[in-house]
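Colleague: For reference, the chains in residue letters:
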Amino acid sequence: MADVDTSQDSGKKGSGPKTKKKSTRIDMTAMVDVAFLLLTFFVLTATMTNTNVMELTMPPKVDESMEDEKYKEIDEKKIMTILLYEKDTVKHFVGITNPEVKNTTFAEGGIDKAIRGHLNYDRVLGIPRCRGRQAEGCWDPIFLIKAKPTSRYKNLIDLLDELAIEGATKYAIDKFSPADSIVVAESRIKDIEGREEDE
Amino acid sequence: MAKKPKRGAPTIDMTAMVDVAFLLLTFFILTTTRFREEEKVEVDTPSSVSDLEVQDEKLMTVSIGSEGQVFVGFTDISTREGVLKLLMQEKEKAISEDGARYFSTLQEFGVKIDEIDSWLNEEGESSAGESFTLESYPHEGIPTPDPDSATVENPNELKEWIRWGRLTDQRMRFAIKGDVDTQYEIVSNVISSLQDWKINQFSLITEQEDGEGEEEE
Numbered sequence: 198m199a200d201v202d203t204s205q206d207s208g209k210k211g212s213g214p215k216t217k218k219k220s221t222r223i224d225m226t227a228m229v230d231v232a233f234l235l236l237t238f239f240v241l242t243a244t245m246t247n248t249n250v251m252e253l254t255m256p257p258k259v260d261e262s263m264e265d266e267k268y269k270e271i272d273e274k275k276i277m278t279i280l281l282y283e284k285d286t287v288k289h290f291v292g293i294t295n296p297e298v299k300n301t302t303f304a305e306g307g308i309d310k311a312i313r314g315h316l317n318y319d320r321v322l323g324i325p326r327c328r329g330r331q332a333e334g335c336w337d338p339i340f341l342i343k344a345k346p347t348s349r350y351k352n353l354i355d356l357l358d359e360l361a362i363e364g365a366t367k368y369a370i371d372k373f374s375p376a377d378s379i380v381v382a383e384s385r386i387k388d389i390e391g392r393e394e395d396e
Numbered sequence: 348m349a350k351k352p353k354r355g356a357p358t359i360d361m362t363a364m365v366d367v368a369f370l371l372l373t374f375f376i377l378t379t380t381r382f383r384e385e386e387k388v389e390v391d392t393p394s395s396v397s398d399l400e401v402q403d404e405k406l407m408t409v410s411i412g413s414e415g416q417v418f419v420g421f422t423d424i425s426t427r428e429g430v431l432k433l434l435m436q437e438k439e440k441a442i443s444e445d446g447a448r449y450f451s452t453l454q455e456f457g458v459k460i461d462e463i464d465s466w467l468n469e470e471g472e473s474s475a476g477e478s479f480t481l482e483s484y485p486h487e488g489i490p491t492p493d494p495d496s497a498t499v500e501n502p503n504e505l506k507e508w509i510r511w512g513r514l515t516d517q518r519m520r521f522a523i524k525g526d527v528d529t530q531y532e533i534v535s536n537v538i539s540s541l542q543d544w545k546i547n548q549f550s551l552i553t554e555q556e557d558g559e560g561e562e563e564e
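As they're listed, the protein sequences go chains A and B. Convert by adding 197 to the 1-based position in the first sequence; the result is the number in this note's numbering. Convert by adding 347 to the 1-based position in the second sequence; the result is the number in this note's numbering.
Same shape as in the complex, but just chain B (with noise of 0.2 Å):
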């Protein structure tokens, strides 16, 4: 019992390694719930080869649901202002400081024209005399019959959305995410939207496939 051997099992210390992987960890739901709550319709977009990335300066973002909604957003914080601010002078609508503020920050919006003042004043009555917060208000889509066929009473108003996208700043761009089950209607409908104004030249937005040539079906 001269040499008696090591008792028990050999200790490490975990401590910086517990460090780094809960700051790692911390980064990653960060990021991740992040997207998922900026996001006001969900859509599944459908995989590519194409291996180009996604540029987010100067883009306008047109998101078409699964059922057909469609959905606007603007990638950068000054476009948003200047928009809502072409909006405001030429519908003469006021709307209060802290609305424009809350529609700074939106990444996504569908909200009809017309119901744009009364969602942001906080007044929050609906057209159907509900009342909302500025967070709840409900995001219908924004109404986008074939512009061919558009009529008063039933007027496509992305077209406006993206002439005062374009009137803020004349090198905006324009990309459609659509989702896999959306039907090409309204992809079409919205493509002639942009086609109206001249914009014949705009991205994709899919998801990178796993491997080249490989289909998952």
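Isolated chain A (complex conformation) (with noise of 0.2 Å):
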């Protein structure tokens, strides 16, 4: 291959005592073929791990005696609560009076459906979506996130990107509070009622 010596068929043609003319040439073909896969192998390594950053905006710390007053102010039909569990499971449901629980996964046509949902929820109502500082008579959905202490950080991670990528600007990050629980409790013996009913 290339960097062959071909100096020495030249030489023997002539045989004699003439000293052979040896060449200093080294084939170089095996060590540039490790040094590229070397090189490849490291380049890829250095650049799969590209660094971002989320910028996340934490409403200020409230005192218990607020807790009552903090959604007063919100028609609670805007309210989308999403809730992370252990394994990958999430469950969501809008409003806070007895609200209809959901379960649905991270995969494709499951969480992100619901959110696109209630991002499109206006078009079911028939008024425009809210457009810069306008907050009367329309459409600005609020997304509450809130996990479980036991729920897997990348859970939160993907919730974030899916608001991101679904074009939600208004979401907030809360504790998971007990009255969750009883919501999630109460919607689960509503469902299987009413299943007995059908029955």
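Think of the hints as simulated: they come from the structure by calculation, not from any bench. Just so it is clear, CB atoms sit at the ideal spot from N, CA and C, and this is done for glycine as well. A few of these clues could be false.
[Claimed, not checked] In silico DSBU-like pairs for lysine-lysine, Cα to Cα no more than 35 Å straight-line: (1) A/K299 x A/K274; (2) B/K506 x A/K284; (3) B/K545 x A/K258; (4) A/K345 x A/K372; (5) B/K459 x A/K284; (6) A/K345 x B/K405; (7) A/K299 x A/K372; (8) A/K258 x A/K310; (9) B/K506 x A/K345; (10) A/K284 x B/K545; (11) A/K343 x B/K405; (12) A/K367 x B/K545; (13) A/K258 x B/K405; (14) B/K545 x A/K372; (15) A/K288 x B/K506; (16) B/K438 x A/K372.
[What the hints assert, rightly or not] Example chain B residues on the side facing chain A (calculated, C-beta under 7 Å, incomplete): (17) I376; (18) V396; (19) G525; (20) S550.
Grab the two chains, each in its own frame, and use the hints to assemble them into the complex.
Modeller: Written as structure tokens, this is what we have:
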């Protein structure tokens, strides 16, 4: 292949006491192969760890006494609560009083579809989406994220990511409260009762 | 046999190419291994579609390992020196010059405040009585219980580090680097610790996802 020593052949014909001219050339092919292989490997691993950041703004901490007043001014239909559970499961419901809790996953057509549905609920209601500073008589959905202490961090990032992809701008992360567990439990009971009535 | 075709393969001088290849190779080997050494805790960051780049200046990173160990790092060497000085003043600890120099080279650390002096003064004795060098001292993570339920016996030391970082530089920004398998509880404790100092805006460090909207599952 490349860099093969060709000087030796020419020296053969005039054989005799002439000292052979030895070439100093080295076959570098194998070395180049290895060098580029390693180079490719390191280039790939170096670019793989491309770190980025997500900006997160939390609402300021509120006193316990103000807890009930937090959502007072907002139409509860605008709030979609997303609960993160263990083993990558997620529940979501709209509103606060007697909501219908739905189970879903992070697979495509799961939570992303639910978020999109809530975002585009303005079409069902027939009212316009809020633009700019307008706040009355328009639709501006709010997402409330509540993660169980035992849920994985990856799910939280996935969810924030999903909200960013769908273009949801208003969301907040809140503590998972006992009240949320009650809502989920009540909904489950209602679900079972409803099924029994059907039968 | 008048005109013999050229015998043998055509030769290419590969010297220059080899030079460039090895130069690049050396560069990539050095940069990748350097990153690995600096990290005290291995963190597998989750991926996101965010394309905001990390601003490396005046940044305090809180890394959380998969087991919930909390590590703290400051990007600027001057901040590391300033933070250590504050710690020495407030906790009335004496730290040798060598120890302080070593501390200012650390990208991350996770040693309890009470053990800082025994770690950095090279006496090298952990609480268990075993001897260690500066490098091999075990970093067990900074205790980070929920700041609302922290007690004197079980203090939230992360809050102290945040305060020292903030005191050293008013424009200090904060980033959380969590592992995919970290339990949310500890992340919530870290966020809560930041919020106790009225830091409501911070960054979450993620890894860039290849395709837009494509999940790896």
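Colleague: Does each hint fit the structure? Answer for all of them.
Modeller: Status of the hints after comparison with the structure:
no.: 1; hint: A/K299 x A/K274; in the structure: holds, 16 Å
no.: 2; hint: B/K506 x A/K284; in the structure: holds, 30 Å
no.: 3; hint: B/K545 x A/K258; in the structure: holds, 8 Å
no.: 4; hint: A/K345 x A/K372; in the structure: holds, 8 Å
no.: 5; hint: B/K459 x A/K284; in the structure: holds, 32 Å
no.: 6; hint: A/K345 x B/K405; in the structure: holds, 32 Å
no.: 7; hint: A/K299 x A/K372; in the structure: holds, 20 Å
no.: 8; hint: A/K258 x A/K310; in the structure: holds, 31 Å
no.: 9; hint: B/K506 x A/K345; in the structure: holds, 23 Å
no.: 10; hint: A/K284 x B/K545; in the structure: holds, 33 Å
no.: 11; hint: A/K343 x B/K405; in the structure: holds, 31 Å
no.: 12; hint: A/K367 x B/K545; in the structure: holds, 21 Å
no.: 13; hint: A/K258 x B/K405; in the structure: holds, 25 Å
no.: 14; hint: B/K545 x A/K372; in the structure: holds, 17 Å
no.: 15; hint: A/K288 x B/K506; in the structure: holds, 33 Å
no.: 16; hint: B/K438 x A/K372; in the structure: holds, 33 Å
no.: 17; hint: I376; in the structure: holds, 6 Å
no.: 18; hint: V396; in the structure: holds, 6 Å
no.: 19; hint: G525; in the structure: holds, 4 Å
no.: 20; hint: S550; in the structure: holds, 4 Å
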